[in-house]
Structures are given as structure tokens and as C-alpha cells.
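Engineer: Residues in the sequence shown are numbered from 0 upward in steps of one, following numbering that gives the first Met the number 0.
Incorrect hints may appear among the rest.
DEER-style ranges, computed between Cβ atoms [claimed, not checked]: (1) D60 - D347: 55 to 65 Å; (2) S122 - A260: 16 to 26 Å; (3) G189 - S360: 42 to 52 Å; (4) S387 - N213: 13 to 23 Å.
For the record, the hints were derived by calculation from the structure and aren't laboratory data.
Just so you know, even glycine gets a beta-carbon here, dropped at the ideal spot from N, CA and C.
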Amino acid sequence: MTSSPVDLVSAPPPQWSDLSATGRRVLLDLLVHGPRSRIRIAERLGLSRASLTRVARELVDSGVVLQGDTLPSATRGRPAEELQLRPQAAHFIGVKITAERIYVVATDLAAEVVDEISAPLISPDVETVVDEISAAAASLIRRFGNVSAVGVGLAADVLRRDGEAVVKASPLLGWSEPIPLPRLLEERIGLPITVTNDVHALTAAHHWFGSGVNHRSLVVYGVGAGIGSGAVIDDELVEGANGRSGRVGHTRVGGTGRVCANGHTDCVHSFVSMPAIELNAGVAPGEYPLAVARARAGGVREAEAFSSAAYALGAVVAESVNLFDPELVSLMGEGLDMLDLAPGAYRDGLVAHLEQVPIESVRTERPPFTFGLYARGASATAIRDLLSE
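With the hints as extra help, turn the sequences into a complete structure.
Structural biologist: See below:
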């Protein structure tokens, strides 16, 4: 495994179980919105000044919050005291699993990445995945000492059965039976484990810390080995009753492409993924960069594969705009070369499928992307779960 050099062993993590429910709410508010005056926090959360004073004392005593600057008052009343997160008070681990690699980050309490590890995934079988995650987590726990929880993101549906989270299936990893992955990892690592769909985790982190900050509604698409989406509506991540929100791949868009798992040749899955582009471009599996190079060099079949992918992506983005009317649509992932190679086809897909929505009103962005963002999202989800208990 490769890792950045860190030699840091911190004090034990906070005793999260000792924090009150209100204390957790205030801490979560500081995490998402940054340092704020007591008055603003009280107004936002509907707390009395006396209640917030007690909670602030609780959080300061636990070591997770610091008393910040004294802010001048707009009136002749008492100056406002600012509360701010103490990021080094705790660390968290985030994991992203692909079919080929495992990406692991350590973040502080503010979800800032302070170390990272990546390595080839020896095998996608469950036992190997558990072994590799456990080994990476143990390495980071030794360095930081005060790790409080671990979050794992993967391309899968994560459901709850009798109060226990299970990975229903992950075609990308070849898992076809329900897997109690959180329990398996908790038995090995000994910390609270959160397992979630990777695009949901990416969406939550982008909403909190990326360009989605200050947007009450957004849709995030993750495009790579597959395609998935996540939505934030009214400041809340939409996970769905069964953890299956964001499935967009079987929307029919016309044309003829790769045969999908459902037997379609004209759905989003037929065009918008790196494996679909490889097949449609006539290159071997795993030769996506070759397809890109040939398309840039003027290869007709390769260019058509990217054009079809761009059109299909535009169509499915349009459907999410029709459905949610979000303030922002973020396109992320390693499989978005179609936007560079066929921007006109992407626009055509948008225009053809938007329903009484002017294209000028659709705000779309393509933020910088690394797989570490997925892992950071998993860590942020673990923080959220810990503070939402």
C-alpha cells in the first residue's frame, strides 16, 4: 500500500455516548456550517440561550469544541461568543471499494483528509475485502489513535434487516447474496461501521463540503464503471425507503448500444459507463484510454460511442431536472471524457428531454475528481451517523 508519511498518535477519542442529543445537533451544525456565534446557532436550531450555554459547556468540556473569538454585537447587548469545531479531537476512516482497488482516507472531525492509502484489491470476494479494509484501518488507527468510526462506500444497495445494515448485492464486486458487511467489519475493527452506497456518500460530502455547500437542492452523478446518482432535497440526502434511490441506468434513450443486464440496447446503461463505451467503441475491456485516444484522433466508431454516451447522459440529467428542479447538477467520476469529446451531443440530450425547462436555467458543473472524494464521502457519512444517533 502507498501512504503519505504521518507520525501522529493523538489522545483517545471523545466519549460520544456521553454527549446529549442536543450536543450532537450543535456539533453537526458546526461541522456543516463552520464557526458561528451562539446566538446564530440557537436561532438556527430553535434553542434557548440558556440551553445553548449548557450545551456549549458540555461540548467544550468534552474537547470537541473551542470557544472562539468574541464577536462585536450589532446592538448594545452582550458581545456574541463564537463556537468552533476542534478538528483534531477525533479522526475517522473512509473507504471506497472498486472492483480493482481500495482507497482509504483518514479525516479529522471536520472531514478534512489528513492521510490516505490506496492499494490493488487482490480479490473482490467478501473475505478478502474485509481483510484489506481491516488492515488499512488498523494502520491508520495506529497512526492517529483517536479514530471514532469507519465509513465504507461501494456500488451497492445497502438495506436494513431487523435493525442490521446489509449489502443486498454488488454486481460490480460479484456479490449476489446479502452480506452483513458492517457487522463483519465491526467484529474485526472494533469500531462503529457505516456502509453506504458510494454515490450517496459522495453526494452527502459534496453537499457539506464541496461546491454544493449553501445549496438546498442538488443532484450528483457518479460516472465510471457504472452510473449512479444522489439527490439532496430541502437540505436532506434522499436515500429512499430501501436505500435504492438514484437508480437511473435503465432510462430508455433510444439508439442501439451494449446489451444491458435487463436485455435493453437503448437505455442509459447501454451507453453511459466505461465498459459500455469500450464495447461500443470496439476496444477490449479495460482499454477505455485507447477508446479516448482513438476518438480524439478522429476514429469514427470511437467518436460515435462517446457521442451516444454524451447524449444519453444529457437525457438522464434532464430527467432529474424535470423531477427535482435542483439548484445544481454536479457531474463527477473518471468516465466523463464524453463531455470533452461530444459537448454538443450532451446538450442535444438535455434539450430533447427537458420538459418545459429552458436549458439556460440548468446549472451543471464538473468539479475536479479523485477516488479519494468517494472515500472522504464515506468518512463524512460515518461522522454524520455518529452525530445523528
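Engineer: Look at each hint and say if it fits the structure.
Structural biologist: Evaluated hints:
A hinted range of 55 to 65 Å holds for the C-beta pair D60 and D347, which are about 60 Å apart. In this structure, S122 and A260 meet the distance hint of 16 to 26 Å, their C-beta atoms being roughly 22 Å apart. The hint said 42 to 52 Å for the Cβ distance between G189 and S360, and at roughly 50 Å that hint holds. Here the CB-CB span from S387 to N213 is close to 21 Å, well matched to the stated 13 to 23 Å.
When each numbered hint is compared with the structure, no violation occurs for any of them.
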